[in-house]
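J.: Working from the sequences, and respecting the hints, build out all of it.
So the sequence lines, in the order shown, correspond to chains Y and Z. Heads up, the numbering used here is the position in the first sequence plus 833, with the first residue counted as 1. Heads up, the numbering used here is the position in the second sequence plus 140, with the first residue counted as 1.
Accuracy of the hints is not assured; some may be wrong.
Claimed, not checked - If you only want the chain Y side, here are some residues facing chain Z, beta carbon under 7 angstroms, derived:
id, residue
1, Ser-856
2, Glu-858
3, Ser-860
4, Phe-861
5, Leu-874
6, Glu-875
7, Ser-876
8, Gly-881
9, Lys-888
10, Leu-890
11, Arg-898
12, Thr-954
13, Lys-1110
14, Leu-1155
15, Met-1157
Stated by the list, open to error - Here are the computed distance ranges between Cβ atoms for each label pair:
id, chain 1, residue 1, chain 2, residue 2, range
16, Y, Lys-1038, Z, His-259, 33 to 43 angstroms
17, Y, Asp-1125, Z, Glu-172, 45 to 55 angstroms
18, Z, Thr-498, Y, Ser-843, 30 to 40 angstroms
19, Z, Lys-439, Y, Lys-1110, 17 to 27 angstroms
20, Y, Met-1157, Z, Gly-496, 33 to 43 angstroms
As the list claims (entries may be wrong) - Covered stretches of chain Y, as calculated for chain Z (at least 3 residues, CB under 8 angstroms):
id, stretch
21, 899-906
22, 917-924
Derived from the structure by calculation, the hints contain no laboratory data. Ideal Cβ positions, reconstructed from N, Cα and C, are used throughout, including at glycine.
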Amino acid sequence: MTDAKRARLSVEEVLSHLELCASAECSFCRDGCPSYRAFLLESKAPRGKNRVLMKRLPEGDDGIRSLSTVAYECSVCGRCSEVCISGGDTFSIIPEIRARLAEEGSVPNVLEKGARDAMKTGTPYSSKDRSWADGLPGKGKVGYFPGCNFMANEPDVPKRTVHLLGRLGIEPVPISDHCCGGPAFNAGLTDLFHENAEAFIADLKEKGVRKVILSCPGCLNILRNEFPKSGVEFVHLVQVLAEADVSGRIGMRVAYHDPCNLGRKSYVVDPPRALLKAIGCEVLEFADSGPDSACCGGGGGFATLHPDGSAVSSTDRVTEALEMGADAIVTACRTCRDRLAEAAGDRIPVYLVLDLADGTIDGFESALEGGAVHD
Amino acid sequence: MPLLDELRSAAPDAVVSADSDDLLAYRDIHGESGRISCIVVPGTNEDVLAVLRYCNSHEIPVVPWGGGTNLAGALTPSRRAVAVDMKRLNTITVEPDSLMVKAGAGATPDEVDRRLRVHGLRFHHDPWSRRSATIGGALALDSAGTLYHGYGRVGAEVVSMTVALPDGSIVDVDNDPDGRGLSTSTFIGSEGVLGLILEATFMVHPTPETYRTAGFGFRKLERMVDGLQALADADLHPDSFIGGSIPRAVAALQPATERAMMKALGIRCGLFVYYEGEEGPVGERTSAAVKVLSKYGKKMPQKYSDEWWPNRHTYFEANQGAVEANLMTHVFDLIIPQDSTLEMAGRVDVLAAETGFTDALSHTLFTALDAYTVALYIEPNRFGSPEFRAFEHGLNEAALELGTVMRIHGYGSHFSPDIVRRSLGDRLAELVQSKIRLDPNGILNPGILIPDSSEVDR
Ligand SMILES: Cc1cc2nc3c(=O)[nH]c(=O)nc-3n(C[C@H](O)[C@H](O)[C@H](O)COP(=O)(O)OP(=O)(O)OC[C@H]3O[C@@H](n4cnc5c(N)ncnc54)[C@H](O)[C@@H]3O)c2cc1C
Ligand code: SF4
Ligand code: SF4
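T.: Following this line, the structure appears as structure tokens:
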């Protein structure tokens, strides 16, 4: 068994973390919290959640069982952690609370069933298109893991990515057997999550992979920040492309939305911007961007459990992009893209960075200068 | 029909809840829960009026809820009440040509300022809590921010207000009393006991062309106070500043660079000054101020003052140290005429020694020479202890003798009726008269500001 990265916390440790917030109670984290924006009640903002936790946690098992709303009405976006002045944010302890709820058998059904099925079948979706992997080597140092979401719902993306990587001279080993374990982690099912993580890492080791390129920031966050230490490096596609010598002349004004899992949790902030600029975009910044970015409202099972609530945050983001006069919103995460596109309707297009980088958007066929990526 | 259903049908666009966890979150900072029976989050002004009509006719107490950031128990009524959370009423309309902004009660100063910045304008109210306080709460307490020296408190720039009265009627007031004697000043600083502020229109100002900052270290508080006085005498009063002593309780835990700086400079006291305006004059004023202050203390490396202003809402060295030490900060805001600051500081030192708080004590002056804050950095279990109460009592007595207790954080339910009476004087009598007239059933904020024992609440 490899060492788990995230240590479990005792009730006393959680309470002393909450004491930090209790010493300030400033509520600076309120307005950026998607859960607060969705429900508009103090109890749904981090300070309110912390007050409820402080009261309920010492009440033992009954208290813990009552914490389901506090724990799952949260997109685990990490925004409260970024702005917190005391170090007593809610985000840092949500995984522990979810883990305790799981131990008490109090995970919402839809999340628990989804997670168990996903860990069994290797995907939270009903299908997994692996045609993108045809012809790729079975062993090698660099792997590519598109993430289940792309494989099931947009198999074209892994195909285009493999093609693009090929132009950079990278022939990755396909990684596709296991889910990253995000659904189990988000539900709080820690044992299941670790079982899956062990299997995932064993697969990488067997294939000789030392570095994995990912398309999905959600998977990147899980693999990079929550997996046991394995010595394998995990990077997002935009990092690889930004390091390559690419150029283009797209000529669009784009508002770049940092996915929480990429900008805040994995500190990948400059590469997507550098890449967009290199291919000829003017990059407009949201007022809250980079590690401080506002959440699209889609993460951590929040959109599954509370679709209407989650839409509030994405709608705000779209409104801001329109006010900035952007031609398009660009992001690096499929979930963010879908949330934002749903909120945008036909008011403004929403793209993945990849769409611009590989020039597959109508009218922008030659996004890359000379149609080539220079190594 | 139970209360909840009644409120839901009266206010169809409101979120209404009496869920026990929701109620737990509706309490004052460091306060006890259990004072709120039900929460209403109105979606429209009509919702507010309907809730007031219902509560007034059933004599149910109501607490207007803003950001919940006041530090005086101003959300802790003496009777269980319905909380009316105003944060959804946050529409902001900028009128750049007439240099005005109209803001809903629930908007934050930060949101208002951001909307103004697009037009090259800015909001004059810039409190540390700008991201979480609301316009309604700020006006109810007449709060003050970092630009207080130049522009006064938040209420100073108000030109008109729309207010929901306890009987559920609505009134538009401006700065001149109307036929009933009601004006903006009736409601500014009235801590929500006379009406619910729905929206307010403010004068706004162009964003200054530029600004400069400078930071100084001093061996003693006296040197800092003398330095500030010398600035004022030379007509160089900073447009904003913050300066104070660093308590021993947290000094040892300052972040490493600051610790090194403090050691190198041998300082126990830090001051940052800020000047704004046009490029030339700002540069000249800052240079002149640096010359004056250099006679009293040592100039800090510029990077510290460069960091301070953009981070002024989160940055305050002692607080970082306090957080690391898991200490709670409790602030007491006072107004002490500048020539009595040192006498007051001396009395506070004696008081701290008598009550055992010497190591925890910090003195701070901010934004204007009479604005004086005493802070205690203490373990949470010492908050409210007998020695804490003794310190607080002695401090208030000394403040009332040499100046007054500042109202920016409200009187709420924390101050004794005696302190409120002595601080407010005639204003309290006026408030009581207005209360009898506007809220004969005493439903709004019972026990807040106007003591329960008064004839109004009986
Ligand atoms: C970290 C921190 C920093 C702070 N910095 C400053 C500072 O720099 N300067 C300063 O002055 N204060 C500061 N404060 C105190 C506090 O933020 C201010 O007093 C603020 O103006 C309170 O606004 P609120 O919306 O949070 O009011 P609340 O705490 O919600 O309410 C305060 C009072 O106003 C009443 N009220 C609320 N809304 C309305 C309404 N619409 N109509 C009528 N009555 C209403 C309430 O019933 C209550 O009695 C700080 C507090 C914190 C926690
Ligand atoms: S992690 Fe995000 S959704 Fe959860 S409490 Fe913090 S800010 Fe709110
Ligand atoms: S979690 Fe942090 S930012 Fe939020 S209220 Fe508590 S101390 Fe303030």
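J.: Does each hint hold? Answer for all of them.
T.: Do the hints match the structure? See the list:
no.	hint	verdict
1	Ser-856	holds, 4 angstroms
2	Glu-858	holds, 4 angstroms
3	Ser-860	holds, 4 angstroms
4	Phe-861	holds, 5 angstroms
5	Leu-874	holds, 5 angstroms
6	Glu-875	holds, 4 angstroms
7	Ser-876	holds, 4 angstroms
8	Gly-881	holds, 3 angstroms
9	Lys-888	holds, 5 angstroms
10	Leu-890	violated, 12 angstroms
11	Arg-898	violated, 12 angstroms
12	Thr-954	violated, 36 angstroms
13	Lys-1110	violated, 24 angstroms
14	Leu-1155	violated, 14 angstroms
15	Met-1157	violated, 10 angstroms
16	Y:Lys-1038 x Z:His-259: 33 to 43 angstroms	violated, 59 angstroms
17	Y:Asp-1125 x Z:Glu-172: 45 to 55 angstroms	violated, 34 angstroms
18	Z:Thr-498 x Y:Ser-843: 30 to 40 angstroms	holds, 35 angstroms
19	Z:Lys-439 x Y:Lys-1110: 17 to 27 angstroms	violated, 39 angstroms
20	Y:Met-1157 x Z:Gly-496: 33 to 43 angstroms	violated, 55 angstroms
21	899-906	holds (count 3)
22	917-924	holds (count 3)
Taken one by one, the earlier hints fail for this structure at numbers 10, 11, 12, 13, 14, 15, 16, 17, 19 and 20, listed in ascending order.
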